[in-house]
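K.L.:
Respectively, the protein sequence lines represent chains A and B. Be aware that the first sequence starts at -13, since it is given in this note's numbering, and climbs by one per residue. Be aware that the second sequence starts at 16, since it is given in this note's numbering, and climbs by one per residue.
It is possible that some hints are incorrect.
Simulated coverage check for chain B against chain A, where a stretch passes if three residues somewhere in it have a Cβ under 8 Å from a Cβ of chain A [to be verified]:
# : region
1 : 31 to 40
2 : 54 to 65
3 : 80 to 90
4 : 97 to 104
5 : 107 to 117
6 : 125 to 137
Simulated from the structure, these hints should not be mistaken for laboratory data. Idealized CB from N, CA, C, for every residue including glycine.
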Amino acid sequence: MELAQAGGGVRLFSPGLVPLLDLANLDDKSRQQAEQIIKSEIAAVTNNPAVIKGNGCAACHVLFKVKETLQVSEQDAADLLSEVLLDNSSLNEEFISMVEDIHMKARMMGTTFAIKTREAKDRYIDSNFKNTLSELLSDASVYGTEIVMRRLIISNIALNIAQNLGIDYHAATEELYYYMRKNDRATHGELMQAIRSLLTKVGSQKP
Amino acid sequence: MNRQYRSKRDIYTKSLWIMENIHMKQRMIGMTFAIKTREAKNRYIDSQFKNALDELLGDIADYGVDIVLRRLILFYVALGIAQNLGADYHAATEQLYYYMRKHDKETHAALIKLVQSVVGRSKHR
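Work the whole structure out from these sequences, hints included.
P.N.:
The following block contains the structure:
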């Protein structure tokens, strides 16, 4: 359940995005309460990792604790979590090390990354971030915007399928491709319509 | 022509069967999906496909194109990190968010620049 819900939204933490969004007014009191909840949940998970059941997500556990305790929507809880972590760098460090402990070290996944220093990790993520952005930009120049948009949307759908079914991304992609091959014209039409709507709305957006 | 088409379709079906056998049945992952009939699986993927597109269009109406494109790009970056690290998607997303919180202004500017460059090249503008 947590896995499926977590895929639904990206946390929108950048202050630069605030004017673009019509978010609920999250007051200082809510932020302080959220900070306390996040602190205590990080401590609880660190002391007893068994609170994260099976292959559950540690970050989602904290997020849903904020949501349940403060009785806010998932989006508001995500915004509170992002804002608190953005403002409080030591809590940000604790949060990421909790995620690494549960998702990497305990599950023996990506341990070569987990044992690096924070600086080396940051350099790795930095190069991945920049490479991916450059790759997308270059693909947009070579193949066109529609192809890039198509790729982004298809990987998004495959990821949703993987999260909802609880299967790996490769299997989800193959299931999606099989379906798309079978309904080639219809799926192509629907994708192109979505891309056109998306790009047409960019043109008509207010600056 | 028909025979050729049928043989191609058989290869697709067989390769999917092998994939399901290895990725789902043998690894005991997503078994509730794997044991469904092909028609039920197709209906499931069909609804997921249509829901995802509708959700994107709904988000464009609610939040605007910039936010939706930003979300798609972040999904894609996190997925790339997960695949490169061999870590799960949640861990990769948190690593990315941690990095972005630390470099908030630069990453925001880089994302906005990419969104503008990508849509600037569109013939649908």
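K.L.:
Next, verify each hint and record whether it holds.
P.N.:
Comparing the hints with the structure gives:
Counting residues of the region 31 to 40 of chain B whose CB falls under 8 Å from any CB of chain A gives 5; the rule of at least 3 is met. With 7 residues bearing a CB less than 8 Å from a CB of chain A, the region 54 to 65 of chain B meets the requirement of three and the coverage assertion stands. By the rule of at least three residues with a Cβ nearer than 8 Å to a Cβ of chain A, the coverage given for the region 80 to 90 of chain B holds, with 11 such residues. With a threshold of 8 Å between beta carbons, the proposed coverage of the region 97 to 104 of chain B by chain A holds, since 8 of its residues qualify and at least three are required.
Counting residues of the region 107 to 117 of chain B whose beta carbon lies closer than 8 Å to any beta carbon of chain A gives 10, which meets the minimum of three for the stated coverage. Coverage of the region 125 to 137 of chain B by chain A holds [criterion: at least 3 residues with CB-CB distance below 8 Å; count 9].
Consistency note: the structure conflicts with none of the earlier hints.
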